[in-house]
Every structure is written in structure tokens, then in C-alpha cells.
Amino acid sequence: NAGVTQTPKFRVLKTGQSMTLLCAQDMNHEYMYWYRQDPGMGLRLIHYSVGEGTTAKGEVPDGYNVSRLKKQNFLLGLESAAPSQTSVYFCASSYSDSAGNTIYFGEGSWLTVV
Amino acid sequence: AQSVTQPDIHITVSEGASLELRCNYSYGATPYLFWYVQSPGQGLQLLLKYFSGDTLVQGIKGFEAEFKRSQSSFNLRKPSVHWSDAAEYFCAVGYSSASKIIFGSGTRLSIRP
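Just so you know, the protein sequences line up as chains A and B, in that order. Oh and the first sequence: position 27 is 29 in our numbering, straight run, nothing missing. Oh and the second sequence: position 42 is 50 in our numbering, straight run, nothing missing.
Note that these hints are calculated values from the structure, not bench results. Because the structure is a prediction, the values reported are computed rather than measured. Heads up, the beta-carbon is just placed ideally off N, CA and C, and yes, glycines get one too. Incorrect hints may have been included.
What the hints assert, rightly or not - If you anchor each label on the Cβ, the simulated ranges turn out as follows:
#1 Ser78(B) / Thr114(A): 43 to 51 Å
#2 Glu72(B) / Lys11(A): 28 to 36 Å
#3 Gly42(A) / Ser26(B): 21 to 29 Å
#4 Ser69(A) / Ile19(B): 34 to 42 Å
#5 Asn67(A) / Ser26(B): 41 to 49 Å
#6 Val62(A) / Pro48(B): 20 to 28 Å
#7 Asn30(A) / Ile19(B): 24 to 32 Å
#8 Ser26(B) / Thr17(A): 46 to 54 Å
#9 Ser47(B) / Gly65(A): 26 to 34 Å
#10 Gln53(B) / Gly42(A): 16 to 24 Å
#11 Gln50(B) / Thr114(A): 14 to 22 Å
#12 Gln79(B) / Lys73(A): 36 to 44 Å
What the hints assert, rightly or not - List time: in silico DSS-like cross-link candidates among lysine-lysine, alpha-carbon distance up to 30 Å:
#13 Lys59(A) / Lys69(B)
#14 Lys73(A) / Lys108(B)
#15 Lys69(B) / Lys11(A)
#16 Lys11(A) / Lys108(B)
#17 Lys108(B) / Lys76(B)
#18 Lys72(A) / Lys76(B)
Take the sequences, apply the hints, and build the full model.
Structure, rendered in C-alpha cells:
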């Protein structure tokens, strides 16, 4: 099973450039998330989505945009990259049932902005 | 707003010793609580979760955690650590709908031979 797949895995950007990170899940999950991970900061929620066509802001949404046009995909966009956005980005998806909710993570995307 | 605090940034224990990693949360209602582990350069793997019922939860790799409502805590324990347990551990909390999940800053565990 593929689970949660992120592309690209590594990218170097120049300040001011734009890019999109793609997340795809094949588990038919309703919820999807984008986190960033920085040393000593843990994982911080950027944006999330509770279903196709919906998005919501997380803890650190500034400088990022997202779209959920299809249930299986969740795109994270950086319109004008800044060095402060150098980070490891994790996509995740989850479902909720009588047993609760479990998040499944992708393997991460390493982004460096120079 | 809910928050998660992991007060220990780095812990070192001897192989074979017991382990307890602390986690405190701030949330008005009964939370969904999770512990994840991350090995260097890897994604996150779920160790265990609590939603309701028995407050002592068993997870994978011999880990367990206890939900204590009075202390707003969800500490992770293991009776005897192995060198392969060296990793970073994250506590997380979710709303009742579990559609938004917030992570703590993590505790790095080192194992002394």
C-alpha cells in the first residue's frame, strides 16, 4: 500500500521563488494535514482539510496556501519562498470512526530556501 | 486553544532501565491523545492512542501510557528500554472530532550502553 506520498522529497529554492508540494493518499481519508518540523519546535500545523473542497488554517498558516480539489490530494503552495520557510514538511491524513482517529504520515519533504 | 507541553527536551537512560516521558495538555474537554516516535530522517510512527475507556493504554514496542485527567497528563512509559528505542518522541492532542491535531515539541531519547 502506498499510504501517504509526498512529492518532491527534496528541493532547494531561491528566495522569492514559488513552488507546490503535493500530497496524495490512497486510503480514502477525509482529513488531511500539512505540518512543518523545525529543530526544537516539534510539528506545527500549517493548514488542514476536513474534506474535499474545504481548508482551514492551523497554527502557522502565514506564507502558505493550500487546496483540496480532490479528496485524495492536498497541495501546499509557497507563493514567494523565504529562508524562514526552510524546514521539513510532513503531510498526513486521517479518518474518524468509533475507535477514534489515527493519523498516517508521509515520509517528509526537505525544503531549503537560499 | 489546546496545547501540548513536553517539558523534557532530551533524556538519556541506560539500556535496560525504565523510561517515563512526560506530556501535559491543555484542553477543556476530554481529548484524543497520541504518542508518536520518529527515528532520524524518518516519518512519524504511531505508538499508541487514547480516546476513551481504560486510562492505561498499551501500544507497540512494549510502550504504555496512562491518561490522568486530574493532572492533564498522558505520560509514556516502558519498563526496560533497548538501544533501538533511541529516537524522538512526540505527544499530540486532538479535539473530540479529531480533525485538528496539535503536537508537542518532542523529547529526544538517548540510550546509554
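| Of the hints stated earlier, which fail here? | 7, 13 and 18
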